[in-house]
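The listed protein sequences correspond, in order, to chains A and B. Each residue of the first sequence is one higher than the one before, counting from 1 in the UniProt record's numbering. Each residue of the second sequence is one higher than the one before, counting from 1 in the UniProt record's numbering.
No lab work stands behind these hints, which were simulated from the structure alone. Be aware that a few hints might be false.
Copies of the same chain look alike in the list, so a pair counts if it fits in one copy or across any two.
Unchecked claim - With a Cα cut of at most 27 angstroms, we get these calculated DSS-like pairs of lysine-lysine:
(1) K95 / K292
(2) K125 / K95
(3) K65 / K182
(4) K347 / K201
(5) K65 / K50
(6) K329 / K201
(7) K347 / K182
(8) K292 / K65
(9) K4 / K50
(10) K182 / K292
(11) K292 / K332
(12) K347 / K125
(13) K329 / K292
(14) K4 / K332
(15) K332 / K182
(16) K329 / K65
(17) K182 / K125
(18) K4 / K65
(19) K329 / K182
(20) K65 / K347
Protein chains: 2
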Amino acid sequence: MAEKRQLKLGVSIRGLGYHAGGWRHPDVPSGGAMDFEHFVNVARIAEAAKLDMVFLADGVGIRQKDEPPGSLCRSNQNVELEPITLLSALAAVTKHIGLVATASTTYNEPYHLARKFGSLDHISKGRAGWNLVTSWSDAEAFNFGREHQMAYADRYERAMEFAEVVTGLWDSWEGGAFVHDKTSGVFYDPDRLHTLAHRGKHFSVLGPLSVDRTPQGRPIIVQAGASDQGRDIAARFADIVFSAEQDLAAARAYYASVKGRLATHGRRTDELLMLPGLVPIVGATRAEAQAKHEALQELIDPLVGLSYIYGNFGDLSAYPIDGPVPEPKDPKLRSRAAVMFNLAQEKGYTIRQLCQAIASGRGHRTVIGTPADIADTMEEWVDQGAADGFNIIPTHLPVGLEDFAALVLPELRRRGIFREEYEARTFRGNLGLPEPQNRYTEARGQGTALSA
Amino acid sequence: MAEKRQLKLGVSIRGLGYHAGGWRHPDVPSGGAMDFEHFVNVARIAEAAKLDMVFLADGVGIRQKDEPPGSLCRSNQNVELEPITLLSALAAVTKHIGLVATASTTYNEPYHLARKFGSLDHISKGRAGWNLVTSWSDAEAFNFGREHQMAYADRYERAMEFAEVVTGLWDSWEGGAFVHDKTSGVFYDPDRLHTLAHRGKHFSVLGPLSVDRTPQGRPIIVQAGASDQGRDIAARFADIVFSAEQDLAAARAYYASVKGRLATHGRRTDELLMLPGLVPIVGATRAEAQAKHEALQELIDPLVGLSYIYGNFGDLSAYPIDGPVPEPKDPKLRSRAAVMFNLAQEKGYTIRQLCQAIASGRGHRTVIGTPADIADTMEEWVDQGAADGFNIIPTHLPVGLEDFAALVLPELRRRGIFREEYEARTFRGNLGLPEPQNRYTEARGQGTALSA
């Protein structure tokens, strides 16, 4: 019998989970975002579950628009530990799981990032990953000497060159360069050291990098941009694409589009894994799962809920929260609010119910049901060519992850589509991805001397 | 009996130690610079010894001048893990010791650094320190889009403003800002959140920082600049000054100069600790210590030794290494080489011996002798007003640190001038330094709500 195709699974561990009311759940440590022990707990649960990676999204600023007034201090999206620093500490207390940190190409220097992720790969013995993003908000721009966010095209052009420099720096040292021969006094083989000497539009970086070739050859690169330029960066550099897709047909089209671009860069379709986000809300029965979801929805503070529709409706805080959704009066808002207003009319939503519906999924596909329901959706997406696995987005931590591990993973294992044990020593190995050759070693036509 | 003044002691753990031949010592793990386990071992030795801190110097580039030819690949100053990443991982496997990472104000953004060190302080539960430096080499400038290093005055002006922004961002949240009240839905008290809105010559940074007030109030700041501007930065911002002083009289003058500037900034003289570097080479007898030193000197590769005098003499690799030091012929070099040439004449040094003499100390005071000899020097410097303690610079790791801990520390403890156990829960507490107030809390005339 042919072995079944194995799902690759990550988990997003940002803050206290993704649900807008999650921090108020009785089992959530509400101070967890600044508490290392909270993340140790979450990472250990994920590793015990044999997941491929923990994933940290990030931004470099706090959105300070308190709209409607009084809503901001009721949201938990305010403080978070810097991801590379956090994952490096987690590297010391985990052994197998991949560690993916988001870092922006917009307000960083490629030399610094290449060095940090290279260091994390050494410290973790081959488990580092970089989620390559651009920064699109003014709130972030204001922290880095800019009056506005960088224009879209510039941002992506810079991101592409940034990735060229970082991957170039990671090839500074060929495998086996360091001989450390105490007798002869030779520390490294100078023929295996290479100076990048990059000169481009956005960056001039000489190199070499002061970090040896890493245990994975180079850290895993994750990319999440859905735009045309984002897809090009993914096809050229990424090992994993993390996307937000609600709809199977759209997810299939996106999957085909990114995979279709790989050949241009001399890559096979199995050299990149597509992992859309998935919010599972699981119960032993569908009724139990629905009850869990409703309990979370009730925890969304009304002002926080209203902040999710503020951009469409303006300030509705003077209206009764359990009353009908008013027709938008401001002509500037009318077209933006139309879809939501029609949804509310159609479903008979109150203001609270509309807010809850919008705040719930945060753009990712949410599946509420039994372990079999969730496993069915996952299998369907993989079988239909929409995914190679998923990045699980827990509603609240650690509970949402514990539920997934306790209820859904046994079902996936019963179906033979998720591992019982880690197969390899590195993150890349567990993903089943090939180790990239050093470009200079490749040019000589030699295999690497590296044992990862 | 009045309690004796206690020494504060750190240890520099960069790479494999500071001695140019150290990596070739039989007991040194020559691949240690990229091996996390090497640093875990060193940090645990330092913590078992109850030292105040491990200290990581840093640069952001590899000096690529291979002078004389073939010397560079024989030096071990090539690769090192990025310090914040490394110390964050060490935070997870240590409990008491301070963790100080060097980070440059020249090629970083203050928002990133404030966030990383703030995160490290949370992760380590109050043990983070930032060694604030400027980057002076062209080799580093080339990695960050510059044709040359930044001019001295610009570098220090930028460093001062950088420190203003970082310390300002660290005050974004007052103690007790996060109430996490699940019942009312209030996550933080908006009156305790502050937006820096810095606009200066080098930086515009809005804030606030996405990291809560840290366990130490703010991370410890270390400064090492001996220049006039460096002393001003130290007097205004630093908790510790780490200096390279060979001579007692000069060290006393430097100590008095920095301490004398504190009052201008409303600080008491005991609010800043002066810790000069000290290279101890210790044996049970003076003869044993001398033998240890000579064994290390013999391990300096001749080409590496010649690289230490290349800037003064040019390439001497064609001369017999055990022959006399030739008189410099190049008129451009003659004045720069004069002091060294005269030293060689006076002492009867061969080329090898001259190189060994120059390469040995690396600018720091070296004491070769018994535990009592080293303790005597330390006490003399403290009693004479030249130091509040020392940053120990081991010749090679872990051996140089193990020797210091096994031989010198018992002597210091016998004299009652170094701790038996850690006294406090934070790095700042063990240093005996006061917790800085948040500027906004201070302005209200309230104490902090923080329990550090």
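Okay, the hints, checked on the actual structure:
When the C-alpha separation of K95 and K292 is checked against a cutoff of 27 angstroms, the pair qualifies neither within a copy, at 33 angstroms, nor between copies, at 39 angstroms. For a Cα distance limit of 27 angstroms, the shortest separation of K125 from K95 qualifies both inside one copy, at 8 angstroms, and across copies, at 23 angstroms. For a Cα distance limit of 27 angstroms, the shortest separation of K65 from K182 across copies, 22 angstroms, qualifies, whereas the shortest one inside one copy, 60 angstroms, does not. In this assembly of identical chains, K347 and K201 lie within 27 angstroms of each other by CA distance neither inside one copy nor across copies; the values are 52 angstroms within and 55 angstroms between.
Within a single copy, K65 and K50 get their C-alpha atoms no closer than 40 angstroms, and across copies no closer than 47 angstroms, so neither meets the 27 angstroms cut-off. Taking the shortest alpha-carbon separations for K329 and K201, neither the intra-copy value of 47 angstroms nor the inter-copy value of 45 angstroms comes in at or below 27 angstroms. In this assembly of identical chains, K347 and K182 lie within 27 angstroms of each other by CA distance neither inside one copy nor across copies; the values are 76 angstroms within and 30 angstroms between. Taking the closest pair of Cα atoms, K292 and K65 never come within 27 angstroms of each other, the shortest separation being 31 angstroms inside a single copy and 64 angstroms across copies.
For the identical chains of this complex, K4 and K50 are intra-copy neighbours only, at 18 angstroms inside a copy versus 55 angstroms across copies, given an alpha-carbon limit of 27 angstroms. Proximity of K182 to K292 under the C-alpha cut-off of 27 angstroms is restricted to the inter-copy arrangement: shortest distance 17 angstroms between copies versus 63 angstroms within a copy. Taking the shortest Cα distances, K292 and K332 never come within 27 angstroms of each other, neither inside one copy (38 angstroms) nor across copies (81 angstroms). With identical chains, the CA atoms of K347 and K125 are never at most 27 angstroms apart, being 52 angstroms at best within one copy and 50 angstroms at best between copies.
For the homomeric pair K329 and K292, neither the shortest alpha-carbon distance inside one copy (36 angstroms) nor that between copies (85 angstroms) is at most 27 angstroms. For the identical chains of this complex, K4 and K332 are neighbours neither inside a copy (53 angstroms) nor across copies (74 angstroms), given an alpha-carbon limit of 27 angstroms. Taking the shortest Cα distances, K332 and K182 never come within 27 angstroms of each other, neither inside one copy (74 angstroms) nor across copies (36 angstroms). Proximity of K329 to K65 under the C-alpha cut-off of 27 angstroms is restricted to the intra-copy arrangement: shortest distance 22 angstroms within a copy versus 70 angstroms between copies.
In the homo-oligomer, the alpha carbons of K182 and K125 lie at most 27 angstroms apart inside one protomer (25 angstroms), although the nearest pairing across protomers, at 40 angstroms, exceeds that limit. Taking the closest pair of Cα atoms, K4 and K65 never come within 27 angstroms of each other, the shortest separation being 49 angstroms inside a single copy and 55 angstroms across copies. Taking the closest pair of Cα atoms, K329 and K182 never come within 27 angstroms of each other, the shortest separation being 79 angstroms inside a single copy and 35 angstroms across copies. In this assembly of identical chains, K65 and K347 lie within 27 angstroms of each other by CA distance neither inside one copy nor across copies; the values are 30 angstroms within and 72 angstroms between.
Against the hints set out earlier in the document, violations occur for numbers 1, 4, 5, 6, 7, 8, 11, 12, 13, 14, 15, 18, 19, 20.
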